[in-house]
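Taken in order, these protein sequences are the chains called A and Y. In this text, residue positions in the first sequence follow our numbering: the first is 1, and each later residue adds one. In this text, residue positions in the second sequence follow our numbering: the first is 1001, and each later residue adds one.
Since the hints were made in silico from the structure, they are not lab data. All values derive from a computational prediction rather than experimental measurement. Don't take each hint at face value.
[Claimed, not checked] Subject to a maximum C-alpha distance of 25 Å in a straight line, what follows is the list of computed PhoX-like cross-link-like pairs (lysine-lysine):
id: 1; chain 1: A; residue 1: 439; chain 2: Y; residue 2: 1003
id: 2; chain 1: Y; residue 1: 1003; chain 2: A; residue 2: 125
id: 3; chain 1: Y; residue 1: 1003; chain 2: A; residue 2: 183
id: 4; chain 1: A; residue 1: 389; chain 2: A; residue 2: 209
[As the list claims (entries may be wrong)] Partial chain A-side listing against chain Y, Cβ under 7 Å, derived:
id: 5; residue: 17
id: 6; residue: 51
id: 7; residue: 56
id: 8; residue: 59
For each residue, glycine too, the CB sits at the ideal point set by N, CA and C.
Listed here are the chains, written in short residue letters.
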Amino acid sequence: MPKAPAPFASMKKGFDYGQAVAEAQRCLLCHDAPCSKGCPGGTDPATFIRKLRFQNLTGAVRTIKQNNILGGSCGELCPTPQLCEKECSAAGLDRPIQIGKIQRFLVEHAWATGFNPLEKGSARKEKIAVVGSGPAGLSCAAELAKAGFGVTVFEARARAGGVLRYGVPSYRFSPDFIDRELKDLAPLGVKIQCSKPIRGKGAVESLLKKGFAAVFLAPGCWEPLRLKVKAKVRQGVFAWTDFLTPLKEGRFAAIGKQLKGRRVAIIGGGSVAMDCAESAIKLGAKDVYLVYRRSYNEMPAEEDEKQDALRQGMHLLLLNQPVDYSTDAKGRLKAIRLVRTELSKPDASGRRKPVEIPGSNWELPIDVAIEAIGAQPARDSIEWSRSMKLSDGNLITVNPDTGETSVKRVFAGGDIVRGPALIIEAVRDGKTAAQAIMKRFAKKENAHE
Amino acid sequence: MSKQADLSVEFLGFKMKNPFMLSSSPVSNSAEMVGRAFDAGWGGVAYKTVVSDRIPIIHPSPRMAAYRPAGKRQLGVQNVEQTSDRGLKANLLDIMYLKKRWPDHLVMASIMGFSNQEWADLAKACVDAGADMLEVNVSCPHMTVEGSGAKVGQCQELVQKFTETVRNSCKIPIVAKMTPNITDITVPAMYAKKGGADGIAAINSVAGLSGIGADDWVPSPNVFGKGAACGFTGPAIKPIGLRCISELAKCHDLQLPLSGIGGIETWVDALEYLLVGATTIQVTTGIIHYGQGIVENMIEGLSDYMTIKGVKSLKELIGKALPNVHATHDFDLARQGIARYDLDRCVGCGQCYVVCRDAGGWALDWDAKKRRPALDEKKCLSCMVCSFACPVDGLITFKEMPKSYRRAETVTLGKELETQRRS
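This is chain Y alone, in the form it adopts within the complex:
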């Protein structure tokens, strides 16, 4: 099994050799970087957001901080990265160069205007430079230019208005990039559609504070004594990204092609985004953590998966999980199960006992001599917290119980107090 599966995909009329794109970020800052990424295997780029030269962009310093809870590494990045701080001309020349040199690769130019007219001007300029499509950036959560970025994305009328301006300025496809820092992501997406967007990209970074200095009390990144709620990205935000894409995909009135973003580092992450409805995949933090080379494993892993599963075209996978994404009130509550223990493999750490007692149903007894847990099936809540703590892979699994199974009620310690009160 060595032949590569067909990973090609069509996004807004552009046929890509694979769905993997650099997202608009430091990883797509110049043609030099993007070109190397194309050679490494990436199928396209959302080129780093270009702006007019009217308001110079100066980056806070330092720009980023690593999120390292309890020393764990590469879970997320906190950043105040702005739009491109290069001149407009330099960016347009780079876009032109990319399209000349790699005509088969998707170059989507991300743009951000600081006035209505700027949106129009930038759109026209990028079209002239040869961009295949535009990404309307209304979602950066930490712009230093007041009233831009996510501030626009959180105001539906502006989303519609600027999208409309871009729509009226060019004929190429427009993708609107959404902020997750909002109650319902489908609302601004619908406004973008009304404004003429052909596709939706989501999510931009999640506004967050990922660390506060214990000594100086300054949030990180510490910009000379000041911190700010700013964009948080990486594997830690993937659940939010997947949720948003699934909501956009399930939105009955929207029905636009989607570009999935948020915490994608492996082919499995990418597959999950495809399964909930994304057509293309955009990556930044994965590259910040490991370099552009991660695309090789995305390609090989996804290709092998498709071959093993007998999937002929990537299209077959897009949205495949959506019928299984329900509202919680749809669950069949008549079916119940418990945790199952394969104690032959138990190493006797007792973590299951600790968490079951402190966070579960108090369903475990502890045999101190044998150093083994003993499960009272009647008490097990099937919360599964024991399996999260267990260090042995697959030792604790979920099993369904017969219909006759009845869970015991949690013990009430205050029973006697009731009689006392009566008397």
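Chain A with its partners taken away, still in its complex shape:
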């Protein structure tokens, strides 16, 4: 893989030991700690920070990793100000403890000292298939392997990691980091087969037929939602997947050529849109406009992501609804057609709804547009199983307590169930399904006795 150009190469440095200890020193060591109730993935910061405070670093790493095999990645990528840190009592004095950074430090410290608390459980006969090696797939696989199941992960792409490898730009999250975190799984004996897409009619049932006792589906949502436009654009419009993924595959030159010195519009207001905007700037785009139909506070992106992109030089074009593109005679993108909006009453999402202002249409001249307005399951996902119950938008319907689908012995989790969501939620789904699978086969064994 070609080396990333400098602006993409530098992931932010984490805490060193002194900084982590100093930050942990601020922790109030709360009784019945609220931070440990703030994580959808069951992370227990109160315990691992306390362990750090009392020099029990191995124990702190164990607390993190036994709960979440992607503890390092989550420490870096989680929107902690909205989760654990939001609950922190130290905010009552001053500001919350930087829990995510302490968590990342502890995992990196374990890597530096060669400590890995993960162990394979005593072997069981059942083999489990996991489809997708993103956060949900990996955590399900690890949880089952810890309990002794033989687990094979089928990954469609060339390398494991899912959204962690192909979804987040490398300046925010380096490929080395996910490589290192994956290395921790080695003792568990999880087999990860890359470039092995599970596709086609009845693919899920055929895994069961092949002898897998259960299947966990976590292929994610990689089909980008697209703007509905009339114009036939031949050149200049990208879906976010066609932009960010090639960058993660190292194709900086090919993508960079199309953006350098150009005027670029990013459409969307979420984290992915911010990643696209920042990446476009780093590739040398002349002007990068973020076009969003609501206002700043309604943008789903995290505050620090928005601020980062603005600091990099992104232009923020709020309260504008893209309606169409215009092209030159050869079909090359020339401009984006916009209409101004105003906010009315809150809609189903709880955010105020943008309403177009009649007669306020205008055109913004641009050379490139990148659509980052969401993602959905792969188009052919409805064929994978003959009888699986799907919801609107072809998301898989599961029992939320077990992750079980309408097909027996088939479980699902992560974005394919919830639509695009947090990494830690995917981790939880993987664990929920793993626990349900364990329970199911535990019962079976008892029945034989």
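Dock chain Y against chain A, hints included.
The following block gives chain Y in isolation, referenced to the frame of chain A:
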């Protein structure tokens, strides 16, 4: 790596699941507290010193004050906590209850007599209540009852006499708890041995004054306008405790099992005490600061350490550092080194420059433009004070220099005065 290492240890014939004990103090005041501690993972208790009902114990109020130099927290506690102020019967019933309910946990009853006969009576009473062993408290530095506590511990003949009395009153093991407020801790320990002690616990609190009110001029704790030199405990006294245990362990004639006390809060503290010769570990101030739960991290941390180091039994660690504890005249003075700077990580605060100039060898120059120190290796004293001031972990380390290295002499400013005097 998730299996717990074997932390069990034998202390005076009693097999404990781990070496961690509550020391005789407010944290072991009742069976209710001790029982919860046992459930939390502690392996034993030195039950709060019991006394006869003849002289009622009334506690000064307030009992304790926090030592907070420059606002730093939880470094130490200054206290005038006395022996138990509960009735003897209540304490004996609690001891009985603990042994019934937790027979596998060590219950060592701490006792203090205010007369020779009381030592005998208390020993017998605690044996009858089921105590596994006794701790002879001759070391509390701030008893309100005249002529007791450390006053006894500082008078070797009395240490021997009362230990003997206890020895003659019972057959269970006796541990004598030593005061550090004495020149050589091995002296009273030897007298305790002569009196029949089977083990030594050290250290009791260090007599101190940890704060004087700037407005009222009263030492803390301020007991209605009066303060007193009294027991100081916590992380700040750990160096004294470690030194005392190492001296007791190295004492050729003593050779008794030791229980280490003083500033222990983490498994690392505990390990250090083991390494200089302690067999069990006693804790109070750590619990005053953070609660009984600290034992979980002691257990997990020490267990992981043993697994990583391939240590099969705690016994292998006890006294392991003693061969490395020397008298200072044993040092090899031919080998010399200097401070090494990893300036790539320097943030430019200049603290190293300040302290080297004011407290070191004046070996640093300061590049004001680059905001970086420059070391003159010839002048470096290897005092390492720069590394204490440096805010970046591991930026300044010690490195040995080749045999050919010669340190420059400190500049003499008065040279000309010598010639003036001659002329």
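Hints, one by one, checked against the model:
1. 439/A with 1003/Y: Within the cut-off at roughly 23 Å; holds.
2. 1003/Y with 125/A: 24 Å, holds
3. 1003/Y with 183/A: Holds, at roughly 21 Å.
4. 389/A with 209/A: Answer holds: residue 389/A to residue 209/A is near 20 Å, not above 25 Å.
5. 17: 5 Å, holds
6. 51: Since chain Y brings a Cβ to about 6 Å from residue 51/A, closer than 7 Å, the hint holds.
7. 56: OK, holds: residue 56/A within 7 Å of chain Y, min 4 Å.
8. 59: It holds, given that the least Cβ distance between residue 59/A and chain Y is near 4 Å, below 7 Å.
The structure fails none of the hints (numbered hints given earlier).
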